[in-house]
Amino acid sequence: MSAIHHVGLTVSDLERSTDFYADLLGGDRLGPFERSVRALSEPIVASAPLAGHRCVYVLDPDRIRVELVEPPHESAADPSANE
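Using this note's numbering, read the sequence shown as starting at 54 and increasing by one per residue.
The set of hints was computed from the structure by calculation and includes no laboratory data.
Note that the coordinates shown come from a computational prediction; the quantities given were computed from them, not determined experimentally.
Some hints could be false.
[Unchecked claim] Label pairs and their in silico Cβ distance ranges:
{"hint": "1", "residue 1": "Arg116", "residue 2": "Asp72", "range": "29 to 37 Å"}
{"hint": "2", "residue 1": "Ser55", "residue 2": "Glu87", "range": "13 to 21 Å"}
{"hint": "3", "residue 1": "Met54", "residue 2": "His126", "range": "33 to 41 Å"}
{"hint": "4", "residue 1": "Met54", "residue 2": "Glu87", "range": "30 to 38 Å"}
{"hint": "5", "residue 1": "Pro125", "residue 2": "Leu83", "range": "19 to 27 Å"}
Even for Gly, the Cβ is constructed at its ideal location relative to N, Cα and C.
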């Protein structure tokens with residue numbers, strides 16, 4: 054492996070998590086964005102439509118992306134969400 058492109062985390066509060074990771078990493082924020090397409094990883098995560106999911110990318114100083122994804126509140130986040 055020569056590089057890491059991004060790390061993805063599921064969060065229950067996008068704003069709080071964005072503030073935390075941006076402060077921790079000292080990086081730039083990209084977003085928020087709302088997903089309107091199905092996940093590319095659908096074969097891995099069964100029935101994983103991302104419509105309505107909001108996401109933000111936080112770039113660390115090495116430009117590695119931390120992708121923070123908040124599912125719609127009506128489909129509550131899994132208790133194992135990466136907080």
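What hints, given by number in increasing order, does this structure fail?
1, 2
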